[in-house]
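Residue numbers (my numbering), protein chains in the order written: chain R, 854 to 969; chain L, 854 to 969; chain S, 854 to 969; chain X, 854 to 969; chain G, 854 to 969; chain P, 854 to 969; chain E, 854 to 969; chain B, 854 to 969; chain W, 854 to 969; chain C, 854 to 969.
Take the hints with a grain of salt, since some may be wrong.
Unchecked claim - In the DSS-like style, the derived pairs of lysine-lysine whose C-alpha atoms are separated by at most 30 angstroms in a straight line are: (1) K921/B <-> K964/S; (2) K921/B <-> K960/B; (3) K921/G <-> K863/C; (4) K876/W <-> K967/W; (5) K876/E <-> K967/P; (6) K863/G <-> K886/G; (7) K964/E <-> K946/B; (8) K967/P <-> K912/P; (9) K967/G <-> K941/X; (10) K921/R <-> K960/L; (11) K886/E <-> K863/E; (12) K960/G <-> K909/G; (13) K903/B <-> K967/B; (14) K909/B <-> K886/S; (15) K967/W <-> K909/S; (16) K909/C <-> K921/X; (17) K886/S <-> K903/S; (18) K921/R <-> K941/X; (19) K876/B <-> K964/S.
Read the hints as simulated data drawn from the structure, not as lab findings.
There are 10 protein chains.
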Amino acid sequence: MNINLLETFKNPEPGRNYIITIKIPEFTSLCPKTGQPDFGTITIEYVPDKCCIELKSLKLYMQNYRQKGIFYESLVNQLLNDLSFIAKPRAMKVTGDFNARGGITTKVEAKTGKLF
Amino acid sequence: MNINLLETFKNPEPGRNYIITIKIPEFTSLCPKTGQPDFGTITIEYVPDKCCIELKSLKLYMQNYRQKGIFYESLVNQLLNDLSFIAKPRAMKVTGDFNARGGITTKVEAKTGKLF
Amino acid sequence: MNINLLETFKNPEPGRNYIITIKIPEFTSLCPKTGQPDFGTITIEYVPDKCCIELKSLKLYMQNYRQKGIFYESLVNQLLNDLSFIAKPRAMKVTGDFNARGGITTKVEAKTGKLF
Amino acid sequence: MNINLLETFKNPEPGRNYIITIKIPEFTSLCPKTGQPDFGTITIEYVPDKCCIELKSLKLYMQNYRQKGIFYESLVNQLLNDLSFIAKPRAMKVTGDFNARGGITTKVEAKTGKLF
Amino acid sequence: MNINLLETFKNPEPGRNYIITIKIPEFTSLCPKTGQPDFGTITIEYVPDKCCIELKSLKLYMQNYRQKGIFYESLVNQLLNDLSFIAKPRAMKVTGDFNARGGITTKVEAKTGKLF
Amino acid sequence: MNINLLETFKNPEPGRNYIITIKIPEFTSLCPKTGQPDFGTITIEYVPDKCCIELKSLKLYMQNYRQKGIFYESLVNQLLNDLSFIAKPRAMKVTGDFNARGGITTKVEAKTGKLF
Amino acid sequence: MNINLLETFKNPEPGRNYIITIKIPEFTSLCPKTGQPDFGTITIEYVPDKCCIELKSLKLYMQNYRQKGIFYESLVNQLLNDLSFIAKPRAMKVTGDFNARGGITTKVEAKTGKLF
Amino acid sequence: MNINLLETFKNPEPGRNYIITIKIPEFTSLCPKTGQPDFGTITIEYVPDKCCIELKSLKLYMQNYRQKGIFYESLVNQLLNDLSFIAKPRAMKVTGDFNARGGITTKVEAKTGKLF
Amino acid sequence: MNINLLETFKNPEPGRNYIITIKIPEFTSLCPKTGQPDFGTITIEYVPDKCCIELKSLKLYMQNYRQKGIFYESLVNQLLNDLSFIAKPRAMKVTGDFNARGGITTKVEAKTGKLF
Amino acid sequence: MNINLLETFKNPEPGRNYIITIKIPEFTSLCPKTGQPDFGTITIEYVPDKCCIELKSLKLYMQNYRQKGIFYESLVNQLLNDLSFIAKPRAMKVTGDFNARGGITTKVEAKTGKLF
Numbered sequence: 854m855n856i857n858l859l860e861t862f863k864n865p866e867p868g869r870n871y872i873i874t875i876k877i878p879e880f881t882s883l884c885p886k887t888g889q890p891d892f893g894t895i896t897i898e899y900v901p902d903k904c905c906i907e908l909k910s911l912k913l914y915m916q917n918y919r920q921k922g923i924f925y926e927s928l929v930n931q932l933l934n935d936l937s938f939i940a941k942p943r944a945m946k947v948t949g950d951f952n953a954r955g956g957i958t959t960k961v962e963a964k965t966g967k968l969f
Numbered sequence: 854m855n856i857n858l859l860e861t862f863k864n865p866e867p868g869r870n871y872i873i874t875i876k877i878p879e880f881t882s883l884c885p886k887t888g889q890p891d892f893g894t895i896t897i898e899y900v901p902d903k904c905c906i907e908l909k910s911l912k913l914y915m916q917n918y919r920q921k922g923i924f925y926e927s928l929v930n931q932l933l934n935d936l937s938f939i940a941k942p943r944a945m946k947v948t949g950d951f952n953a954r955g956g957i958t959t960k961v962e963a964k965t966g967k968l969f
Numbered sequence: 854m855n856i857n858l859l860e861t862f863k864n865p866e867p868g869r870n871y872i873i874t875i876k877i878p879e880f881t882s883l884c885p886k887t888g889q890p891d892f893g894t895i896t897i898e899y900v901p902d903k904c905c906i907e908l909k910s911l912k913l914y915m916q917n918y919r920q921k922g923i924f925y926e927s928l929v930n931q932l933l934n935d936l937s938f939i940a941k942p943r944a945m946k947v948t949g950d951f952n953a954r955g956g957i958t959t960k961v962e963a964k965t966g967k968l969f
Numbered sequence: 854m855n856i857n858l859l860e861t862f863k864n865p866e867p868g869r870n871y872i873i874t875i876k877i878p879e880f881t882s883l884c885p886k887t888g889q890p891d892f893g894t895i896t897i898e899y900v901p902d903k904c905c906i907e908l909k910s911l912k913l914y915m916q917n918y919r920q921k922g923i924f925y926e927s928l929v930n931q932l933l934n935d936l937s938f939i940a941k942p943r944a945m946k947v948t949g950d951f952n953a954r955g956g957i958t959t960k961v962e963a964k965t966g967k968l969f
Numbered sequence: 854m855n856i857n858l859l860e861t862f863k864n865p866e867p868g869r870n871y872i873i874t875i876k877i878p879e880f881t882s883l884c885p886k887t888g889q890p891d892f893g894t895i896t897i898e899y900v901p902d903k904c905c906i907e908l909k910s911l912k913l914y915m916q917n918y919r920q921k922g923i924f925y926e927s928l929v930n931q932l933l934n935d936l937s938f939i940a941k942p943r944a945m946k947v948t949g950d951f952n953a954r955g956g957i958t959t960k961v962e963a964k965t966g967k968l969f
Numbered sequence: 854m855n856i857n858l859l860e861t862f863k864n865p866e867p868g869r870n871y872i873i874t875i876k877i878p879e880f881t882s883l884c885p886k887t888g889q890p891d892f893g894t895i896t897i898e899y900v901p902d903k904c905c906i907e908l909k910s911l912k913l914y915m916q917n918y919r920q921k922g923i924f925y926e927s928l929v930n931q932l933l934n935d936l937s938f939i940a941k942p943r944a945m946k947v948t949g950d951f952n953a954r955g956g957i958t959t960k961v962e963a964k965t966g967k968l969f
Numbered sequence: 854m855n856i857n858l859l860e861t862f863k864n865p866e867p868g869r870n871y872i873i874t875i876k877i878p879e880f881t882s883l884c885p886k887t888g889q890p891d892f893g894t895i896t897i898e899y900v901p902d903k904c905c906i907e908l909k910s911l912k913l914y915m916q917n918y919r920q921k922g923i924f925y926e927s928l929v930n931q932l933l934n935d936l937s938f939i940a941k942p943r944a945m946k947v948t949g950d951f952n953a954r955g956g957i958t959t960k961v962e963a964k965t966g967k968l969f
Numbered sequence: 854m855n856i857n858l859l860e861t862f863k864n865p866e867p868g869r870n871y872i873i874t875i876k877i878p879e880f881t882s883l884c885p886k887t888g889q890p891d892f893g894t895i896t897i898e899y900v901p902d903k904c905c906i907e908l909k910s911l912k913l914y915m916q917n918y919r920q921k922g923i924f925y926e927s928l929v930n931q932l933l934n935d936l937s938f939i940a941k942p943r944a945m946k947v948t949g950d951f952n953a954r955g956g957i958t959t960k961v962e963a964k965t966g967k968l969f
Numbered sequence: 854m855n856i857n858l859l860e861t862f863k864n865p866e867p868g869r870n871y872i873i874t875i876k877i878p879e880f881t882s883l884c885p886k887t888g889q890p891d892f893g894t895i896t897i898e899y900v901p902d903k904c905c906i907e908l909k910s911l912k913l914y915m916q917n918y919r920q921k922g923i924f925y926e927s928l929v930n931q932l933l934n935d936l937s938f939i940a941k942p943r944a945m946k947v948t949g950d951f952n953a954r955g956g957i958t959t960k961v962e963a964k965t966g967k968l969f
Numbered sequence: 854m855n856i857n858l859l860e861t862f863k864n865p866e867p868g869r870n871y872i873i874t875i876k877i878p879e880f881t882s883l884c885p886k887t888g889q890p891d892f893g894t895i896t897i898e899y900v901p902d903k904c905c906i907e908l909k910s911l912k913l914y915m916q917n918y919r920q921k922g923i924f925y926e927s928l929v930n931q932l933l934n935d936l937s938f939i940a941k942p943r944a945m946k947v948t949g950d951f952n953a954r955g956g957i958t959t960k961v962e963a964k965t966g967k968l969f
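Next up, chain R with everything else stripped away, as it sits in the complex:
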């Protein structure tokens, strides 16, 4: 993924620990084995440190997965890695809830630091 798409802005209140929750119910990527589209909801929760993730740039970054083949497990960890690398949050959790494929639904949850 092109991590350069992600922009941040200065955390307006770095002296305070507070939580930002972002929900993206229209996520879509491709299955790396079949090339068929996958659909799901991505939830990002984080405590910002020096900067916050800018939402429009996040939307564009997420859209880059639209034509990319990637496993659910790789996707969730890559999101956690990319967003952590860019925003260096004090803590972050990424959850992917994926729609049924072949009658099977999958959820992947990964985090760094202690959110609550």
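Keeping the supplied structure of chain R fixed, place chains L, S, X, G, P, E, B, W and C upon it in accordance with the hints.
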């Protein structure tokens, strides 16, 4: 924002810790990047100390954001700062639940002190 | 759209009027003005005549809209036209329920013949 | 399908028009194209004439589809044909509600006579 | 069934058409093929003529099916026949909703006269 | 029942057909066979003519059934008769929804005139 | 009631039949027999003719019932009469849903003309 | 309002009568008497003739009411007039559901032609 | 069961403890005593170590139970054993929720390691 | 009760502590005082040791209560005693939720060992 719009009145029972919850489901401001209107629900929970926040003045203060461009993260922290500065509560939590923009919903939660 | 992707099979019971309802909740295309992704649910109801629409080919045909810019109104009418051209049903109705964009949701309904 | 599995018993009240509704939420067959299992709910509604469908034999008859490849449209019409052939009801409706495959759900409804 | 268990009392208002609805969610009988217990809900709706069905006697009459093997279709029609014979209502409808057996649920509805 | 308990007052608008709906969810009487308490909800709907039923007197009248043994069917018809006699409405419907007794629930509905 | 409190403004579109629905869930008056407060929801539906009812004046008019003893039936009819007198609508319906008193809830509905 | 903001595009299927439903849950304007903000949901249903309403231009047109003082009744009729003038639909219905003000909620519905 | 059907892929983030939850609502096997089909939902939760379970291979592995007679208790433990053997997770829990048979529903839960 | 009806089979995984939950919503017995039928839901949770309870034999054992008069308290304790005697589980809990009799519902819970 014009913090002078906010008024308080004497806490009728300062000898007791009690909780006040205010919900404002008709909040609207502008996106600082696109100028487009944002909509959301602001929830304020606090334990008053010497004074309580007067509700009509709070309504007028909130309406001042109607034509202002501001990030969600700045807004929630500014609300917490302004209301804390005026009312000096023993504890306060401000939550902003913002409507979907580009298919993405966002929630920001910030607090001072220990509410519960 | 590539109408050649659509396959049909012989209606197993042409002597009987019966109804087939197909729901596609994972439809996505692009906005022709902004290039941004659109999401929605497409519902197809029809009474087959000589042939039925094969579902796997329908899935592949629908996936062709993934990278195509098209207005909702054009999409729903094109689906009705393409599917009618291929399957020549006795009656058909196509409904598109599209997710909010800029805080606005849209539904488009079009039909040919009398379904019920 | 082996129609001989189906048994009937004498309608205990042939002088009266009454309705029997049978729901089979655990139906499973195979996709004729991919060999993958399909799942769905079959509903049978009928007004008996000379005989009623015996439920245990119906269960065994339905289980015969477990390893059979068949299109949804063929299945629903074949059920209507077989059950009508055996029980010769005054009216019958068969509905198949099939689970999502490739993100697409399908319903097929067919009937003979006038049920209500 | 021992129809003698059923008692009636004089309709307190024979000059008026009115509706009585009785629901019995704890009905149980035996399967005539396997001897296994069946469970279901019986609903009786009727317009009384000269007499009403006494509820305690109805309960005792219904309990007589507890150890009796009977098909659902026979049961519902027998209830309609017995209750009609005893109470001679202007109209009556009996519905049996039976719990799943072998993954199959069944409903049987029969009536005499015009209830509504 | 002591019909003298019921009071009416002058219909404030006799030139107009309008509907009054009264719901009494706390009704209780005794079973005439066992002496056990019965519980239920009584609903009264009527179009007043010259007078309306006064609600406090209705409450007192209803409380008179507390120690009285009466069949559901008699109760609903007696209510319809007494209230009609006192208020002479253009139309009235009385419904009694009675709680389970011996696992059996009962509803009785009676009316005079045409309510809607 | 002081009908002079009610104000109207010119119907902006008298050439068109359209419907206005006003719901007032915070209505309160006094019971004329006991002096106890009554609470309820008043709903007003109307098709305007030459003028529309101004909402702030309606709120003040409704508040005038706060200290007034009045029967539900009189209230609903008086509202219909006063509002019809002031606004002369093409059709109007007033509904009062009153909270439980002594375990009894009451609804009164009155109308003039044909609303739909 | 600046009707010039509204854009249309060629109806892709003028030979067919079909229905477009647009829901705008984030509408806000000002009260013409108090200057206070009003909030509500606007629903537009129409059968297009020669052209369709472009959604992004509709969003911008609707945002023009953000700082405008206007009565609910005028707003709904003006929307119907402006959108009809621009798009000349075969039929159109506009509904405004407005949030509580002073404890009073209001709905206004207006239409031209026959939608269904 | 043929454990060879199961495939794994390299855990993309072995340095992190994260949870994968897989839900299979279309599981079916045979009763080892009667040969009749059983239906249920299997849920697998695990923390991967060196590798992740590939979902398409899991689907094919699960389909192998379609014609196999097995007790619920054996099934859940065998799934836990096979999946643990192949993927060697840091922790895993398998839950089987089985549909009613003879009016009896059964749930079996087994785990290794500490999931949360 | 005839404890000989109960069968067990070898615990397929005695080296692991895992939980089996069995729900029987169609339980019925007789009241020992009145001879009237009682209805309820029995839930059995246990950690097996050397053997598991075979479900078909459990069904037949439970059906033996159909014509037996027994107090709720005796029933739940006898189930716990009989099932513990036969299966010698590491821990077991039996819960009986009984339907209303005379307007009264009853729940009885008993256990041995530590389930969780």
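* **Hint check against the structure, violated hint numbers in rising order** => Numbers 1, 3, 6, 11, 15, 17, 18, in rising order.
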